[in-house]
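J.: Using the sequences and the accompanying hints, generate a full structural model.
Numbering (the numbering used here) for the sequence shown: 382 to 682.
One thing to keep in mind: the hints can contain errors.
Once the Cα atoms are required to be at most 27 Å apart in a straight line, the calculated DSS-like pairs of lysine-lysine come out as [unchecked claim]: (1) Lys-626 - Lys-595; (2) Lys-564 - Lys-599; (3) Lys-654 - Lys-667; (4) Lys-650 - Lys-478; (5) Lys-654 - Lys-625.
These are computed hints drawn from the structure, not numbers from a lab. Just so it is clear, the structure is predicted and the values come from calculations on it, not from any experiment.
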Amino acid sequence: MKSNIRTLLLLTFVSSLSFASEPSAFGAGDLTAPTPYGLTQSEKVILQTKDTLKKVAINTKSQASKLDSLRERVDGIQSVVENLSVRSHENKLELQKFKEENRVNLDNIHEFQTRLAEKVQKNQDEIAKLQTMIFALSKVVDKMNAQYVSKEAFNTLVKDINDFKTLIAKEMQSRKKSVKPRKISSAQLYNQAKANFDKRYYTKAIQNYKELIKRKYKPAYAHYMIGEMNFKRKNYAQAISYFKKSASLYDKASYMPKLLLHTAIAMDKTGDKAHAKAFYNAVIAKYPHSKEAKEAKKHLG
Numbered sequence: 382m383k384s385n386i387r388t389l390l391l392l393t394f395v396s397s398l399s400f401a402s403e404p405s406a407f408g409a410g411d412l413t414a415p416t417p418y419g420l421t422q423s424e425k426v427i428l429q430t431k432d433t434l435k436k437v438a439i440n441t442k443s444q445a446s447k448l449d450s451l452r453e454r455v456d457g458i459q460s461v462v463e464n465l466s467v468r469s470h471e472n473k474l475e476l477q478k479f480k481e482e483n484r485v486n487l488d489n490i491h492e493f494q495t496r497l498a499e500k501v502q503k504n505q506d507e508i509a510k511l512q513t514m515i516f517a518l519s520k521v522v523d524k525m526n527a528q529y530v531s532k533e534a535f536n537t538l539v540k541d542i543n544d545f546k547t548l549i550a551k552e553m554q555s556r557k558k559s560v561k562p563r564k565i566s567s568a569q570l571y572n573q574a575k576a577n578f579d580k581r582y583y584t585k586a587i588q589n590y591k592e593l594i595k596r597k598y599k600p601a602y603a604h605y606m607i608g609e610m611n612f613k614r615k616n617y618a619q620a621i622s623y624f625k626k627s628a629s630l631y632d633k634a635s636y637m638p639k640l641l642l643h644t645a646i647a648m649d650k651t652g653d654k655a656h657a658k659a660f661y662n663a664v665i666a667k668y669p670h671s672k673e674a675k676e677a678k679k680h681l682g
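T.: Right, here's the structure in full:
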């Protein structure tokens, strides 16, 4: 059916062209005129077809414009979706990091609770023993009250009781001393601090390094490590404080490029852009071939 209509339109258009080529009186049959008149039936079909094609062209152009607009909106939505996807991934990483830090803290709390429970149990055992001793003494006193004894015997008994008390006091004192933790050497404490740091037990590691600082055992390195752990925990102000102290104690250490870079990043994070820039430049100038220098350049842009 569609094929027959197309054939009819084509024949009509061809025949109309032959008619249009012939001159008509007073402009009749002129299809190019603003308001054609005197048209034959074929010419009217052609004119109607032209009008229809114009309308189709206008509609097509309008649809194309709408399609372009829709494409732009789709592109915009796609961009928003991509940004949301990136943010979602970053949030997942932050959540994972938060969970890991909480897990470490929970491990530390559990260990502290275990130690505390052991100490409580020891104290309860000691109390039970004392109560047993008190009960035994009470029996002795009751026996003394129930029976008549001479002054000499009474004095002897009192002396025995006092000696017994002294013996108990000495035993308790010796047990208290044995409960106190054995003080390890600074070298052992240093290794213990490093092991806790590697396991990310930062709370324990910080305590270890603070004890090393008190003992004045490698204080520059201890300050640096405490600064690193505060940096990892995003406690940037404390990190900067420990980094500066470390550098003031010994500025020829192998970890100095990293110390300066992390100081710059920490300053950047706290809003001190001017000093951060100065530290980035210091890393690049002093350690130009280090990986820290490359990273500093990235931060400077």
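J.: Now tell me, hint by hint, if it's right for this structure.
T.: Consistency of the hints with the structure:
{"no.": "1", "hint": "Lys-626 - Lys-595", "result": "holds, 14 Å"}
{"no.": "2", "hint": "Lys-564 - Lys-599", "result": "holds, 18 Å"}
{"no.": "3", "hint": "Lys-654 - Lys-667", "result": "holds, 20 Å"}
{"no.": "4", "hint": "Lys-650 - Lys-478", "result": "holds, 18 Å"}
{"no.": "5", "hint": "Lys-654 - Lys-625", "result": "holds, 17 Å"}
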